[in-house]
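Enquirer: Residue numbers (this note's numbering), protein chains in the order written: chain A, 1 to 489; chain B, 490 to 611; chain C, 612 to 778.
Don't read these hints as lab results, they were simulated from the structure. For each residue, glycine too, the CB sits at the ideal point set by N, CA and C. Heads up, a few of these hints could be off.
Restraint ranges, calculated between C-beta atoms of paired labels, are given here [to be verified]:
1) B:505 <-> C:701: 37 to 47 Å
2) B:580 <-> C:711: 41 to 51 Å
3) C:701 <-> B:501: 33 to 43 Å
Below, in silico cross-link-like pairs of lysine to aspartate or glutamate (DMTMM-like), each with a Cα-Cα straight-line distance of 25 Å or less [as the list claims (entries may be wrong)]:
4) B:605 <-> A:33
5) A:360 <-> A:98
6) A:56 <-> A:479
7) A:162 <-> A:138
8) B:604 <-> A:33
9) A:162 <-> A:235
10) A:360 <-> A:273
11) A:152 <-> A:98
12) B:605 <-> A:158
13) A:457 <-> A:33
14) B:604 <-> C:753
15) A:298 <-> A:235
16) A:437 <-> A:447
17) A:457 <-> A:98
18) B:605 <-> A:98
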Amino acid sequence: MFPADLYLLMPELALAGMAIIVILADLVLKRRDLLAPLSLIGLAVPVALSIVLWLKLDSIDPHALSGFSGFFVVDYFSLFFKFLILGATALVIMASRESVTRFSRFQGEYYALIMMASGGMMLMAAATELVSIYVALELSALSTVALIALLKNSRSIEASMKFLILSAISSAVMLYGMALVFGLTGSTRLLDIADRLTSVSELIDQPALLLGVIFIITGFGFKISSVPFQMWVPDVYEGAPTPVAAYLSVASKAAGFAVIIRVFFLAFGSLTDEWALLFAVLAAVSMFIGNLVAIAQKNIKRMLGYSTIAHAGFIMVGLAAIGREGELLGPGVESILFYLVAYAATNLGAFIAVIAISSKINSELIDDYAGVARRNPFLAFALAVSLVSLMGLPPTAGFWAKLNVFNAAIETDLVWLALIGMINSVISAYFYLRVIKTMYLSPPASEERITADLPLKAALAIAVIGLLFIGIVPGFVMDVVETAVGTLA
Amino acid sequence: MPEQYSLEYTAVLIITIAGIGMVLAAFFASMILAPRSKSEAKQIPYECGIPPTGQFWAQLHLRYYIFAILFLIFDIEAIFLFPWAIIFRSSGAVIFYEMVLFIAILFFGLVYSWKKGALRWR
Amino acid sequence: MTTVLVFFFILGGMALLGSVGTVASRNVVHAALSLVLALLAVAGLFILLLAEFLAIVQVLIYGGAITIILLFALMLTRTREGPVRLDNAQRRFALIGAGAAFAVLTVVIMVSDWPAPIDNPVRPGFSRISEVLFQQWAIPFEAASLVLLVALIGAIVISRPEKGERD
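So that you can see chain A by itself, here it is in the shape it has in the complex (with noise of 0.2 Å):
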């Protein structure tokens, strides 16, 4: 019941606390240098508390402990969220100390909310009931719509506005889809929607439940930015903060995918089917509009913006791989998993990269990158490694993430899919490839030297270190992966 099973949520718990404790110590202490410090801690407490709940599952059989009802569960594929959502916040943090001086009042702000997004995410990937999964959702983009106003420009307004309006569009249309399926099924818990699916044979063939689906795929679809739900990510990655864009592309897309598999699999296993031909088009279709469009943008935020549509497409192949299989787990997920962890090192590697060179050059043109690896040999070096890891040469983590993905389809039957996806991969090398030729071949600007402060160079090192040991020793990441993936079912 309630009060004993708060334990399982003690990390989302202190991480709120802990964002509360920022605010104030912003608001009453008035002291700006400690808020990214003690953020960092209000991060370090909720790890610790999972790395816990790790160990207490360790010594337990079956490795899940469900709670307040079956509203939330404590697995390792949870915990596996967990962290990756954690990290990514912290490297964030970590890389947004300069940029964070353009918020002058709202530093304290700043810090809590992406702490009470990454709450909501973690929430999100915790969750097995769907009223709470909406709430965390709603958490979640709540936090993030104030994030991405904080520059209060004209532009940054506009993106906040953009967001707020089509994720409150997205949210209801996934609510009125849960509703169709709690109307069919009695339940909104994930796994009583499962029995009621299978033990009534005749509630899967009606069209409502489909309905249902479609719908909740619409919100979820926006939180990864898959195509048809991806207007946003342009507009808002180019007006929101860099490191809220960054922040939007990994840990955002993290929590999405987590609650895909979580409900796709626990409650709609029965209709695999339908949902997988779902997400193999939109695989497809999202590839193909974020790498297409990708190369006509000038705007290299833009330009990040849609490459993170078209690796929504290259995640969603495992998707795709996950339901042809008839049976429910399998190397989709997996590469899911293990493409989630390799993206976050490299779009974070990336992203912080461009807040190191755009917040000094004072552009992010494309062009205005010209001769950076002049400027500063390492943040070209690291800009340089993950684009060569998004677009999936070896020997980076990227390789072995759409590996995995194409390994994943093809064993599925799904070789279109997988072909596309090659396809895909070729054509954005085109993109990325001429950022690093910029850099490196064409005459800087200038000669001065481009600087960037301490804990932004570590960030950015962890994520380069990161996704090259991945790339290099993957095995690791993907024993974490399987053991994270055992404990769905």
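Dock chains B and C against the given chain A, drawing on the hints supplied.
Expert: Frame of chain A, contents of chains B and C only:
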């Protein structure tokens, strides 16, 4: 009416109809009783006798929007108090402290907006 | 059942009237007031379904607070002299889209077999709702307070002036 609808709704219905009826009656009465004459002066907004300045539509400053948001947030808080009020005595201390936490979090929001100066009416 | 049906049609008609008024009226204030009519009619429909708590929420939150926010927002906007055009050339597409969505939803809902038919609603009872809300849904409930807190912070972040312009 089927029996699961409680009889009290009849009272609600009567009050609703009576309320609408009274408003309509007032309009109707003024339509037949009031003398009417047309003039330009009647089209301008009334400003206690002096000639009106500016437009009839006063634009508020954006900072007042925060009051509307605060109202909405505490309205939502209030609505949760209703179901809580009828069971917190019978259902144990946990439910009591649940609401305390809920209100504490929102109270923190109030303190925050106060410290931020969002409540200054200037 | 017929009495209920009569009330259903009256309330449904009111909701429809209000909704059409919201999108079709030329004056923004009239549009907002039409919305109130639609929202209150929906509250009435909730009562017909014996969902009384929802009806109270609908009246207090939607009929009250949301409407006030809407009207407030209208007063924050600058108005020009003369009638304001509230729609644009995409009106036709919006109509087609809304019509299509309505058609699909209606057909799907009519065709599907619903396990719990709505012509015989059961009153869940206020205390039952309370127990379920505060025992089973305790965590989503507390998370909702965080959502509200974040919304408040967000509203202040967006609407407060920057350092330069003193308030």
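Enquirer: It remains to establish, for every hint, whether it holds in the given structure.
Expert: How the hints compare with the structure:
no.	hint	result
1	B:505 <-> C:701: 37 to 47 Å	38 Å, holds
2	B:580 <-> C:711: 41 to 51 Å	47 Å, holds
3	C:701 <-> B:501: 33 to 43 Å	41 Å, holds
4	B:605 <-> A:33	19 Å, holds
5	A:360 <-> A:98	10 Å, holds
6	A:56 <-> A:479	19 Å, holds
7	A:162 <-> A:138	16 Å, holds
8	B:604 <-> A:33	19 Å, holds
9	A:162 <-> A:235	8 Å, holds
10	A:360 <-> A:273	50 Å, violated
11	A:152 <-> A:98	16 Å, holds
12	B:605 <-> A:158	23 Å, holds
13	A:457 <-> A:33	18 Å, holds
14	B:604 <-> C:753	24 Å, holds
15	A:298 <-> A:235	13 Å, holds
16	A:437 <-> A:447	18 Å, holds
17	A:457 <-> A:98	12 Å, holds
18	B:605 <-> A:98	23 Å, holds
Hint check: a violation occurs at hint 10 only; the rest are consistent with the structure.
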